[in-house]
Amino acid sequence: MINDRKNIDKLFHDVLINNEHEVPNYIWNNIKDNLLNKKRRRNRILLRNIAASVIIILTFASGYFFSDLFRLEKHKSLQSVIKKQNLKVKETDNNAKKININPDNKANKELDTKKQDNITFQNNNQNKGFLSKTETKSLEINKKKKEQVPQNKLLANSIENESFDKSMPYNDKIIYKKLKLINADNIDIDLNSEQELIYSLEQVPILNTDLKKKKESRWSVEGQFSPLYAYRDVKEVDAYYVATANTSNSNYRDNAKEEPLSAFSVGANVKYKVSERLRIQTGVYYSETGQITKNAMLFSESMYNGKGNTYLLNTSVGNVIEANNVPVPVNNVDNLDFSNSEISDIIQNFDYLEIPAIIKYKIIDRKIDVNILSGINTGFLVGNNVVVKNNTDKYNMGKTTDINTINYSVIIGVNFVYPLFKKFSFSIEPTFKYSLTSINKFNSVYPYSFAVFSGISFLFE
Amino acid sequence: MSQKKFLNSIDKIIKGCVAGNIKYQEMLYKQLSGKMFAVCLRYSKDYTEAEDILQEGFIKVFEKINQFKFKGSFEGWVRRIIVNTALDKYRKQNILQTVDDISKYSEDFNYDDVISKITSNDLLKFIHELTPKYKVVFISYAIEGYSHKEISDMLGISVGTSKSNLSRARQILQDKINKYYTDEGKIKLLK
Chain B
1 MINDRKNIDK LFHDVLINNE HEVPNYIWNN IKDNLLNKKR RRNRILLRNI
51 AASVIIILTF ASGYFFSDLF RLEKHKSLQS VIKKQNLKVK ETDNNAKKIN
101 INPDNKANKE LDTKKQDNIT FQNNNQNKGF LSKTETKSLE INKKKKEQVP
151 QNKLLANSIE NESFDKSMPY NDKIIYKKLK LINADNIDID LNSEQELIYS
201 LEQVPILNTD LKKKKESRWS VEGQFSPLYA YRDVKEVDAY YVATANTSNS
251 NYRDNAKEEP LSAFSVGANV KYKVSERLRI QTGVYYSETG QITKNAMLFS
301 ESMYNGKGNT YLLNTSVGNV IEANNVPVPV NNVDNLDFSN SEISDIIQNF
351 DYLEIPAIIK YKIIDRKIDV NILSGINTGF LVGNNVVVKN NTDKYNMGKT
401 TDINTINYSV IIGVNFVYPL FKKFSFSIEP TFKYSLTSIN KFNSVYPYSF
451 AVFSGISFLF E
Chain C
462 MSQKKFLNSI DKIIKGCVAG NIKYQEMLYK QLSGKMFAVC LRYSKDYTEA
512 EDILQEGFIK VFEKINQFKF KGSFEGWVRR IIVNTALDKY RKQNILQTVD
562 DISKYSEDFN YDDVISKITS NDLLKFIHEL TPKYKVVFIS YAIEGYSHKE
612 ISDMLGISVG TSKSNLSRAR QILQDKINKY YTDEGKIKLL K
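These protein sequence lines are chains B and C, in that order.
If you read the first sequence in the numbering used here, its first letter stands for residue 1, the second for the next number, and so on.
If you read the second sequence in the numbering used here, its first letter stands for residue 462, the second for the next number, and so on.
By construction, these hints were calculated from the structure, which means they are not laboratory data.
Hints are supplied without guarantee of correctness; some may be wrong.
Result set (SDA-like, lysine to any residue): computed pairs, CA atoms no more than 25 Å apart in a straight line [said to hold, decoys possible]:
no.: 1; chain 1: C; residue 1: K521; chain 2: B; residue 2: R41
no.: 2; chain 1: C; residue 1: K586; chain 2: C; residue 2: E510
no.: 3; chain 1: C; residue 1: K521; chain 2: B; residue 2: T401
no.: 4; chain 1: C; residue 1: K530; chain 2: C; residue 2: E611
no.: 5; chain 1: B; residue 1: K32; chain 2: C; residue 2: D507
no.: 6; chain 1: C; residue 1: K521; chain 2: C; residue 2: F535
no.: 7; chain 1: C; residue 1: K496; chain 2: B; residue 2: E20
no.: 8; chain 1: C; residue 1: K473; chain 2: B; residue 2: I27
no.: 9; chain 1: C; residue 1: K496; chain 2: B; residue 2: D33
no.: 10; chain 1: C; residue 1: K532; chain 2: B; residue 2: N18
no.: 11; chain 1: B; residue 1: K441; chain 2: C; residue 2: G617
no.: 12; chain 1: B; residue 1: K32; chain 2: B; residue 2: K441
no.: 13; chain 1: C; residue 1: K496; chain 2: B; residue 2: D9
no.: 14; chain 1: C; residue 1: K594; chain 2: C; residue 2: S625
no.: 15; chain 1: B; residue 1: K39; chain 2: C; residue 2: D507
no.: 16; chain 1: B; residue 1: K10; chain 2: C; residue 2: E536
no.: 17; chain 1: B; residue 1: K271; chain 2: B; residue 2: I372
no.: 18; chain 1: C; residue 1: K521; chain 2: B; residue 2: N37
no.: 19; chain 1: C; residue 1: K521; chain 2: B; residue 2: I27
no.: 20; chain 1: B; residue 1: K273; chain 2: B; residue 2: D233
no.: 21; chain 1: B; residue 1: K294; chain 2: B; residue 2: N391
no.: 22; chain 1: B; residue 1: K39; chain 2: C; residue 2: E611
no.: 23; chain 1: B; residue 1: K441; chain 2: B; residue 2: I27
no.: 24; chain 1: B; residue 1: K38; chain 2: C; residue 2: R540
no.: 25; chain 1: C; residue 1: K594; chain 2: B; residue 2: D14
no.: 26; chain 1: C; residue 1: K525; chain 2: B; residue 2: K10
Far from chain B by the CB rule (all over 12 Å, computed), these chain C residues [claimed, not checked]:
no.: 27; residue: I471
no.: 28; residue: K491
no.: 29; residue: K496
no.: 30; residue: Q528
no.: 31; residue: F529
no.: 32; residue: F531
no.: 33; residue: K532
no.: 34; residue: W538
no.: 35; residue: T592
no.: 36; residue: P593
no.: 37; residue: G606
no.: 38; residue: E611
no.: 39; residue: D614
no.: 40; residue: M615
Note that CB positions come from ideal geometry on N, CA and C, so glycine has one too.
Could you build all of it, start to finish, from the sequences and the hints given here?
Spelled out as structure tokens, the structure:
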């Protein structure tokens with residue numbers, strides 16, 4: 001008889017601790033396949049991250065390209081103005097090409113008499129080179145005149161009074177008027193510094209709206225809402241789940257089918273205008289994503305308990321566990337009366353608090369601005385629930401296990417902005433978001449979503 | 462192979478595994494899989510589940526091997542991962558195993574085994590006749606050497622529950638071994 005219980009521990013320990021058992025060969029083959037698959041998956045993730053980086057780089061490269069394209073158009077306009085207005089280009093001793101728009105200063109006087117008191121064309125770093133060459137440090141507007149004439153009207157009148165080539169586009173006329181403004185002090189304009197000249201032309205405030213922009217705040221806030229089409233990209237599901245899903249007698253589970261979920265995202269963002277074209281943006285959004293498992297057969301606990309095998313509900317994003325930590329019996333169970341089962345839809349919801357970091361680049365600067373956007377999003381899991389819905393009922397079932405609490409994703413999209421009032425504008429923003437991290441700790445399942453955000457933004461004083 | 466040569470060899474294998482070399486991974490697996498499979502068999506409810514645990518456990522070993530700091534026993538490190546994998550599976554499944562009637566297992570005891578002396582298979586059989594909650598605590602404490610605190614953390618139970626499960630497991634095993642050594646058994650053994 002063994003009376004000392006500690007001896008039992010010793011007996012079992014001594015006999016079993018170094019025990020070995022022959023292992024079937026196929027286990028190593030399974031492990032090997034799994035390791036090789038994971039290696040391939042890592043390579044895919046690396047490629048995807050590279051692709052995301054390339055998209056971001058291309059986004060900005062295209063922005064730069066378009067920006068350059070617009071400058072090219074302005075260059076053509078400038079050349080066209082010079083040609084069509086028969087402006088004389090003279091060469092200086094050092095081969096610099098210069099024009100003088102107002103040799104008799106008449107046009108200058110015409111404008112001077114109507115300019116607003118408070119208009120100042122500020123020098124800045126970029127046009128410094130051009131202005132220093134032309135010795136025009138700032139365009140001081142005549143403050144003596146008290147007459148207040150709206151600048152757009154002034155421009156319109158001024159353009160009407162000017163004799164232009166009939167074929168000259170309106171934008172070219174504006175360029176000509178701006179040239180006149182820059183040349184107000186009857187100083188030669190250096191055509192060799194064409195890029196700087198074009199930039200200076202952009203800065204010359206002629207229209208009221210241009211003037212206002214100089215005073216605008218760089219900060220704006222925006223509220224946004226979007227319906228979401230959310231689903232997942234299954235790269236690889238852990239062997240455990242596959243094995244369980246393939247368990248015999250799972251024909252009833254096989255009836256179940258996963259489908260995308262229509263959800264939503266709502267939030268607010270704050271934007272900072274880095275330059276005329278570049279904006280950085282962050283914010284806080286609440287997003288609901290998930291998926292639906294259709295036609296699952298559910299049994300009550302009392303029905304399946306002790307009557308046979310039961311299985312967890314395995315979905316691609318993870319197992320479903322009931323609120324009281326009991327597995328959900330969705331599979332067939334021997335000896336059960338299937339007529340008493342419920343055919344239901346199981347909706348797995350994942351709620352995230354999201355903080356995006358986005359860069360927007362304006363590619364078209366018109367009545368409706370067009371921006372391209374790209375960035376990284378950090379999602380914090382704040383809700384994980386599973387809802388059962390059938391013809392008559394809808395109730396909370398529990399949650400999905402092993403869901404990562406933080407999810408990183410990449411966002412790309414296009415943003416259209418239409419100004420409503422002075423400080424308000426309306427935006428439409430189609431975006432695509434793809435997760436860089438798996439939703440489940442053990443499976444390789446990557447959520448993605450399409451969204452079309454609409455929002456109203458407010459520009460601060 | 463001398464101990465020193467073996468250590469050099471295992472270090473080389475580990476480094477090969479860290480580099481993701483499949484040949485070294487296979488070498489490591491072949492060295493340790495027999496012992497680890499015995500661990501899996503102790504914790505699992507059947508052979509198939511033991512295979513699953515071994516497979517999952519070794520995949521985790523290869524994924525985390527870069528975290529091994531070459532301090533302490535590598536085999537102990539691998540064993541801990543295998544045990545954690547087994548306990549993880551136990552945590553997921555123990556809610557399905559609601560049977561808690563000890564007497565049922567006692568009735569299943571095969572007295573024919575008494576005619577031979579105790580083997581590791583006999584002890585393994587006794588262990589598997591325990592209910593899952595007693596079995597897992599007993600194996601973890603008595604064989605694998607975990608403390609009650611560690612067991613309580615791993616299983617999400619209190620230290621008191623761990624102690625009481627161990628005590629009950631010991632009592633049941635003691636009864637089984639005592640039955641094994643009945644006079645009838647000893648007589649048969651002597652013959």
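Would the non-interface assignment of C:I471 survive a Cβ cutoff of 12 Å against chain B? holds, 17 Å
Compare the distance between the alpha carbons of B:K273 and B:D233 with 25 Å, and conclude whether the hinted pair is satisfied. At roughly 35 Å apart (the allowed maximum being 25 Å), B:D233 and B:K273 break the hint.
If I take the minimum Cβ distance from C:T592 to any residue of chain B, is it greater than 12 Å? The claim holds: C:T592 sits with its nearest Cβ about 15 Å from chain B, beyond 12 Å.
Beyond 12 Å from every chain B Cβ: check whether that's true for C:K491. Check fails; 8 Å does not lie beyond 12 Å.
Distance restraint between C:K521 and B:T401, which requires alpha-carbon spacing of 25 Å or less: holds, 19 Å
For the pair we were handed, C:K496 and B:D9, check the Cα-Cα distance against 25 Å. Distance ~19 Å between C:K496 and B:D9 Cα, so the pair holds.
Hinted pair B:K39 and C:D507, Cα distance within 25 Å: violated, 31 Å
Measuring Cβ to Cβ, find out whether C:K496 lies farther than 12 Å from everything in chain B. Non-interface label on C:K496 violated, nearest chain B Cβ at 5 Å vs cutoff 12 Å.
Holds or violated: are the alpha carbons of C:K521 and B:I27 at most 25 Å from each other? holds, 14 Å
Run the distance test for C:K586 versus C:E510: straight-line Cα separation, threshold 25 Å. holds, 16 Å
For the pair supplied as a hint, B:K271 and B:I372, is the alpha-carbon distance within the 25 Å limit? holds, 14 Å
Are the Cα positions of C:K530 and C:E611 separated by 25 Å at most? holds, 21 Å
Comparing the model with each numbered hint stated earlier shows that hints 15, 20, 22, 26, 28, 29, 37 do not hold.
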